[in-house]
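K.L.:
First to last, the sequence lines map onto chains S and A. With my numbering, the residue at position 66 of the first sequence is 66, and numbering never jumps. With my numbering, the residue at position 68 of the second sequence is 68, and numbering never jumps.
Heads up, a few of these hints could be off.
[Unchecked claim] If you anchor each label on the Cβ, the simulated ranges turn out as follows:
#1 A/Ser84 - S/Thr78: 26 to 36 angstroms
#2 S/Val45 - A/Ser67: 47 to 57 angstroms
#3 A/Thr7 - S/Ala83: 24 to 34 angstroms
#4 A/Gly53 - S/Ala10: 22 to 32 angstroms
#5 S/Arg58 - A/Asn65: 21 to 31 angstroms
#6 S/Thr78 - A/Glu79: 26 to 36 angstroms
#7 S/Pro40 - A/Met27: 31 to 41 angstroms
#8 A/Thr15 - S/Ile113: 41 to 51 angstroms
#9 S/Ser8 - A/Arg44: 30 to 40 angstroms
#10 A/Thr111 - S/Asn27: 17 to 27 angstroms
Hints listed in this document are in silico derivations from the structure and should not be mistaken for laboratory results. Even for Gly, the Cβ is constructed at its ideal location relative to N, Cα and C.
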Amino acid sequence: SQKIEQNSEALNIQEGKTATLTCNYTNYSPAYLQWYRQDPGRGPVFLLLIRENEKEKRKERLKVTFDTTLKQSLFHITASQPADSATYLCALPPDQTGANNLFFGTGTRLTVIP
Amino acid sequence: NAGVTQTPKFQVLKTGQSMTLQCAQDMNHNSMYWYRQDPGMGLRLIYYSASEGTTDKGEVPNGYNVSRLNKREFSLRLESAAPSQTSVYFCASCRDRVVSEQYFGPGTRLTVT
């Protein structure tokens with residue numbers, strides 16, 4: 001069956017350092033992958049979408065890579081700030097059709113320590 | 001624009017009671033979704049509506065029904081609530097049914113005793 005694993009439940013990092021979060025998947029061949037941010041008590045907020053033919057995507061201090069051979073996506077936050085503290089979720093569509101009925105990982109809770 | 005709105009924010013039900021969770025979006029999106037989020041389980045798709053007039057089951061549809069009332073509104077009904085349905089429920093919408101980011105509402109925290 002399909003499975004999504006985010007490398008750790010929690011990650012603590014010092015302010016100014018680069019945070020790297022991992023999303024691994026099995027039994028998928030997704031057309032794309034998405035990353036969301038979720039703050040306590042709130043709904044997820046979309047951050048980035050990367051397609052299977054894109055190796056890397058950037059948005060301000062965020063960078064996402066997508067390796068379809070390794071079945072892995074890495075999410076980087078450079079020059080991390082306490083305001084980046086949140087839970088980060090990766091999400092995949094079920095197949096190559098691109099349909100948006102997403103499967104989500106359980107998330108990694110990032111804490112940036114001042 | 002309000003984005004995606006959900007009502008109510010909180011609800012406590014007794015086992016066997018029924019209720020409807022309401023969701024509306026003002027972004028003229030075609031597709032809408034209902035998820036539940038439980039500790040350690042992540043977000044799981046209950047039902048979705050790829051376009052007005054269509055609905056499909058997601059990963060965990062048992063015990064729920066949905067109605068896509070019009071393009072703006074997508075409701076989730078629990079006919080006979082069970083303690084296993086205690087969860088936080090999120091509604092989401094997106095512009096297209098493929099390759100499109102989802103916009104989430106603030107959630108409804110439901111407790112079934």
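K.L.:
All hints are to be evaluated individually against the structure, with a verdict given for each.
P.N.:
Here is how each hint holds up against the structure:
Restraint check, A/Ser84 to S/Thr78: a C-beta distance of roughly 42 angstroms breaks the suggested window 26 to 36 angstroms. Between S/Val45 and A/Ser67, the C-beta spacing of about 27 angstroms breaks the proposed range 47 to 57 angstroms. About 29 angstroms separates the C-beta atoms of A/Thr7 and S/Ala83, a value consistent with the hinted range of 24 to 34 angstroms. Between A/Gly53 and S/Ala10 the Cβ separation comes to about 43 angstroms, which falls outside the hinted range of 22 to 32 angstroms.
Taking 21 to 31 angstroms as the suggested C-beta distance range, the pair S/Arg58 and A/Asn65 does not conform, at roughly 42 angstroms. The hinted range of 26 to 36 angstroms is not satisfied by S/Thr78 and A/Glu79, whose Cβ atoms lie roughly 49 angstroms apart. Checked against the hint of 31 to 41 angstroms, the pair S/Pro40 and A/Met27 fails, with Cβ atoms roughly 25 angstroms apart. Our hint of 41 to 51 angstroms for A/Thr15 and S/Ile113 holds, since their Cβ atoms are close to 43 angstroms apart.
At roughly 21 angstroms, the beta carbons of S/Ser8 and A/Arg44 sit outside the given window of 30 to 40 angstroms. For A/Thr111 and S/Asn27, the Cβ-Cβ distance of about 34 angstroms falls outside the hinted range of 17 to 27 angstroms, so the restraint is violated.
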